[in-house]
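Chemist: Sequence:
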Amino acid sequence: MTIQIDETLLNILGIAAGVLILSGWVEQIIKGYKTKSLKDVSRYLMIFISGGSILWLVYGIIVEDIYIIGTNISAIFLMMTVFFMKRRYDKASKMNFRKI
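Take the sequence shown: its letters are residues 662 to 761, numbered as in the numbering used here.
It should be emphasised that the hints constitute simulated quantities derived from the structure, not laboratory data. Backbone N, C-alpha and C define an ideal beta-carbon position, used for all residues, glycine too. Keep in mind that the hints are not guaranteed to be accurate.
Across the chosen pairs, the derived CB separations fall in these ranges [stated by the list, open to error]:
id, residue 1, residue 2, range
1, 698, 737, 18 to 28 Å
2, 753, 672, 20 to 30 Å
3, 667, 745, 36 to 46 Å
Can you make the complete structure from the sequences, with help from the hints?
Modeler: Below is the structure:
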């Protein structure tokens, strides 16, 4: 039995999946900006998810899927934002700790 899926429905599914995945990173960036702390974000989490996003990006390019490509380029950009914020805030936190 083969299931037929309308291309429009498939596009909506791809867009919805991308929005859901990226929303978590946006929320983390907003929270980190407000608190000036990302100490609870694991470096390993970011490394593994970055690696997965890079592999998904390569896959998306190979199969020429614009939704996979767009989502993973956006995810890599957001993860880099979190990484640089984490690095900056961790460094500032260490400097403030030394002053005490």
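Chemist: Each hint should be assessed against the structure and marked as holding or not.
Modeler: Here is what the structure says about each hint:
For the pair residue 698 and residue 737, the supplied restraint of 18 to 28 Å holds, since their beta-carbon distance comes to about 23 Å. Here the CB-CB span from residue 753 to residue 672 is close to 43 Å, at odds with the stated 20 to 30 Å. Checked against the hint of 36 to 46 Å, the C-beta distance between residue 667 and residue 745 comes to roughly 41 Å, which is consistent with it.
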